[in-house]
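A.B. asks: In this text, residue positions in the sequence shown follow my numbering: the first is 62, and each later residue adds one.
Note that these hints are calculated values from the structure, not bench results.
Cβ coordinates follow ideal geometry from the N, Cα and C atoms, glycine included.
There's no promise every hint is true.
[Claimed, not checked] Cut-off 27 Å, straight-line C-alpha distance, at most; resulting in silico cross-link-like pairs (DSS-like, lysine-lysine):
#: 1; residue 1: K372; residue 2: K589
#: 2; residue 1: K111; residue 2: K509
#: 3; residue 1: K372; residue 2: K427
#: 4; residue 1: K579; residue 2: K509
#: 5; residue 1: K218; residue 2: K183
#: 6; residue 1: K579; residue 2: K380
#: 7; residue 1: K427; residue 2: K579
#: 8; residue 1: K218; residue 2: K372
#: 9; residue 1: K186; residue 2: K111
#: 10; residue 1: K218; residue 2: K111
#: 11; residue 1: K427; residue 2: K479
#: 12; residue 1: K464; residue 2: K509
#: 13; residue 1: K111; residue 2: K589
[As the list claims (entries may be wrong)] Have a look at the derived ranges for each label pair, beta carbon to beta carbon:
#: 14; residue 1: E430; residue 2: F158; range: 28 to 36 Å
#: 15; residue 1: V329; residue 2: P290; range: 19 to 27 Å
#: 16; residue 1: R83; residue 2: V329; range: 25 to 33 Å
#: 17; residue 1: T69; residue 2: V335; range: 39 to 47 Å
#: 18; residue 1: T254; residue 2: S77; range: 23 to 31 Å
#: 19; residue 1: W373; residue 2: A474; range: 46 to 54 Å
#: 20; residue 1: S596; residue 2: A474; range: 48 to 56 Å
#: 21; residue 1: V291; residue 2: F240; range: 29 to 37 Å
#: 22; residue 1: T259; residue 2: L151; range: 15 to 23 Å
#: 23; residue 1: K257; residue 2: R83; range: 31 to 39 Å
#: 24; residue 1: L324; residue 2: I365; range: 39 to 47 Å
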Amino acid sequence: MNQTPPGTTVYNLPTSPPSWDRLGIFYIAWAAVWTTLVFSSMVFCWINRKSPILRIRGLPLSFGAIVLLHSYWILAQITYPIAHTMPLVLAYDIQFFFMGIYFPLGIALFHASNLRFLHVAKLQKQFTHQALRMKSRGCDGANTSWLCRFRNMGYTKRIMSFISIGMAIQVLLTVACWFAVKKYHPTYGLPGTEMKSTTLPAQLAELGRGWEWWPSLVWQFIWTWLVAPVLIYRAWSIRDTLGWRAQTIGCCLSSLHATPMFLVASYVPAFEKVNMFFSQSQWIHLSIIMFEIFTVFVPAVQVIRLWMLNKWAADINAKWETHPQDSALTSSKSDEWNLSALSMAEKGKPMDFPDSEMGDRVITMKALEHVLTENPAPLLEFSALNDFSGENIAFLTRAAHWKTSWPSKRPTADQCLKVYNGALKFYANFISPLDAEFPLNLPSADLKRLESIFEKPASMLRGAARVNPAIPFDFNGPMPRSRSDFETDATTFYAQYTGDIPVAFDEAVFDTVQDHIKYLVLTNTWPKFVAEMQSRRRSGETSRSISTAGSKTTTASRVSSKISSIISSIF
Numbered sequence: 062m063n064q065t066p067p068g069t070t071v072y073n074l075p076t077s078p079p080s081w082d083r084l085g086i087f088y089i090a091w092a093a094v095w096t097t098l099v100f101s102s103m104v105f106c107w108i109n110r111k112s113p114i115l116r117i118r119g120l121p122l123s124f125g126a127i128v129l130l131h132s133y134w135i136l137a138q139i140t141y142p143i144a145h146t147m148p149l150v151l152a153y154d155i156q157f158f159f160m161g162i163y164f165p166l167g168i169a170l171f172h173a174s175n176l177r178f179l180h181v182a183k184l185q186k187q188f189t190h191q192a193l194r195m196k197s198r199g200c201d202g203a204n205t206s207w208l209c210r211f212r213n214m215g216y217t218k219r220i221m222s223f224i225s226i227g228m229a230i231q232v233l234l235t236v237a238c239w240f241a242v243k244k245y246h247p248t249y250g251l252p253g254t255e256m257k258s259t260t261l262p263a264q265l266a267e268l269g270r271g272w273e274w275w276p277s278l279v280w281q282f283i284w285t286w287l288v289a290p291v292l293i294y295r296a297w298s299i300r301d302t303l304g305w306r307a308q309t310i311g312c313c314l315s316s317l318h319a320t321p322m323f324l325v326a327s328y329v330p331a332f333e334k335v336n337m338f339f340s341q342s343q344w345i346h347l348s349i350i351m352f353e354i355f356t357v358f359v360p361a362v363q364v365i366r367l368w369m370l371n372k373w374a375a376d377i378n379a380k381w382e383t384h385p386q387d388s389a390l391t392s393s394k395s396d397e398w399n400l401s402a403l404s405m406a407e408k409g410k411p412m413d414f415p416d417s418e419m420g421d422r423v424i425t426m427k428a429l430e431h432v433l434t435e436n437p438a439p440l441l442e443f444s445a446l447n448d449f450s451g452e453n454i455a456f457l458t459r460a461a462h463w464k465t466s467w468p469s470k471r472p473t474a475d476q477c478l479k480v481y482n483g484a485l486k487f488y489a490n491f492i493s494p495l496d497a498e499f500p501l502n503l504p505s506a507d508l509k510r511l512e513s514i515f516e517k518p519a520s521m522l523r524g525a526a527r528v529n530p531a532i533p534f535d536f537n538g539p540m541p542r543s544r545s546d547f548e549t550d551a552t553t554f555y556a557q558y559t560g561d562i563p564v565a566f567d568e569a570v571f572d573t574v575q576d577h578i579k580y581l582v583l584t585n586t587w588p589k590f591v592a593e594m595q596s597r598r599r600s601g602e603t604s605r606s607i608s609t610a611g612s613k614t615t616t617a618s619r620v621s622s623k624i625s626s627i628i629s630s631i632f
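Build out the structure end to end from the sequences listed, making use of the hints.
C.D. replies: Below, the structure is given as structure tokens:
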């Protein structure tokens with residue numbers, strides 16, 4: 062800077078070639094490598110978006126946030142090597158608009174994804190607490206009221222409405238601030254906002270400071286220091302098996318330093334030498350890297366681990382199902398485990414898995430079917446509150462119950478209509494993409510077959526379809542309906558279907574779906590449930606040991622206290 066000609070300012074500073082020193086090459090290489098890894102992982106996740114790990118996350122929200130945040134991150138990585146190749150004020154203009162628009166919008170979308178996690182956890186509780194389904198959040202006013210329509214929107218659309226309004230305000234503020242401040246364009250702007258410094262180093266510092274940066278910083282402060290702690294508090298008690306809680310808490314914690322360190326680097330003179338090689342915004346980009354790790358890489362690893370779990374469970378099931386000669390040796394143990402496990406579950410205690418052999422032995426379809434038939438409540442609670450797949454267990458148990466309602470003899474027309482209406486409600490609650498809060502993860506062939514049997518009558522009963530699954534922000538996954546979050550089944554279909562019953566409808570209409578979902582549970586939820594029960598059993602034994610030791614200590618303490626009191630009374 063000392064070698065610049067006299068009279069040089071930020072407005073007439075000549076451009077210079079790129080800085081291809083070691084640090085410049087490092088920044089470019091680092092940006093290329095990390096970008097390749099991030100987008101490769103995003104492609105991997107998108108290809109496997111129907112995996113139970115990813116299907117419930119709402120990837121478009123998360124990926125939209127990552128694309129915006131990563132664009133801002135790339136800008137910071139190329140600042141050192143190529144920023145001087147363009148007019149200096151233009152470089153600051155670009156940074157100003159990226160920080161004022163891309164970064165706040167990316168953070169907003171990211172936290173919308175985290176809020177979705179909390180909403181999914183809340184909705185899954187309805188499978189274990191039926192009273193929650195009675196709490197309607199819809200309004201009783203006229204359907205033409207804009208407030209009523211807003212309250213009846215799907216959860217994701219409501220959140221995106223608030224975010225869209227906030228970001229529209231942010232964009233207007235960013236553009237207005239840029240036009241108002243004369244130091245970015247000396248020919249127009251508000252009086253008093255022109256460049257006040259006279260030396261080039263001071264002018265450089267002044268370009269990166271000022272009240273025009275504060276709207277963006279306020280948004281950052283709101284998201285990282287107000288919204289994020291609330292998310293951490295609300296997510297702390299959730300113990301999911303999908304890594305979603307860890308992602309939410311990890312991302313919230315990793316962003317707390319960003320705004321304070323950006324301000325320190327911008328206003329503390331001691332950081333000026335650091336800023337030459339590590340720009341002020343890099344402190345923000347450290348949190349963006351953590352966002353990408355938790356949002357892209359962790360789910361990808363979870364998918365691979367799920368593949369391994371699926372293969373292990375399938376192999377164990379095949380091992381025991383194809384060794385009938387071992388059945389005589391294990392039948393007594395299996396019966397003993399069944400009685401013990403069910404008895405303990407009915408008493409609210411962890412289901413017992415006595416040894417590793419029996420632990421493997423229960424990773425079978427027969428053991429799963431036994432629990433589903435005799436006492437599915439513990440498995441249902443685990444799948445809903447921990448695995449966020451309560452719809453699978455609820456479907457299997459209710460499908461079995463529906464099948465028992467089928468008339469044993471040749472059914473009359475009225476009996477057929479009654480059974481069909483039960484199946485129709487069943488279809489709406491668990492299968493229909495337009496009605497089910499958590500549609501089952503079915504092959505497209507099975508879904509099309511059931512739609513051909515039930516969708517036309519279902520649409521007649523619900524009226525014109527009020528939800529289009531392809532519209533923006535109603536992504537693949539749960540909560541695609543526009544009706545109230547906790548409507549009862551009775552309000553879903555207020556009338557009974559009385560038309561012609563499709564020829565393809567029979568007692569076995571749900572059999573292939575049951576087999577598919579049962580296999581998904583066997584290779585996904587069931588091994589996790591068994592492991593959780595074994596963990597609780599070990600924890601219970603440890604607690605009893607500690608309790609026994611504590612009881613002995615307490616008895617000794619009481620005896621010692623009694624002796625001390627006697628001695629005190631004597632003397």
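A.B. asks: Take the hints in turn and mark each one as holding or not.
C.D. replies: Consistency of the hints with the structure:
no.	hint	result
1	K372 / K589	14 Å, holds
2	K111 / K509	17 Å, holds
3	K372 / K427	18 Å, holds
4	K579 / K509	20 Å, holds
5	K218 / K183	17 Å, holds
6	K579 / K380	18 Å, holds
7	K427 / K579	11 Å, holds
8	K218 / K372	37 Å, violated
9	K186 / K111	22 Å, holds
10	K218 / K111	22 Å, holds
11	K427 / K479	32 Å, violated
12	K464 / K509	21 Å, holds
13	K111 / K589	19 Å, holds
14	E430 / F158: 28 to 36 Å	60 Å, violated
15	V329 / P290: 19 to 27 Å	26 Å, holds
16	R83 / V329: 25 to 33 Å	27 Å, holds
17	T69 / V335: 39 to 47 Å	24 Å, violated
18	T254 / S77: 23 to 31 Å	28 Å, holds
19	W373 / A474: 46 to 54 Å	50 Å, holds
20	S596 / A474: 48 to 56 Å	53 Å, holds
21	V291 / F240: 29 to 37 Å	35 Å, holds
22	T259 / L151: 15 to 23 Å	21 Å, holds
23	K257 / R83: 31 to 39 Å	37 Å, holds
24	L324 / I365: 39 to 47 Å	40 Å, holds
Of the numbered hints given earlier, the model fails hints 8, 11, 14, 17; all others are met.
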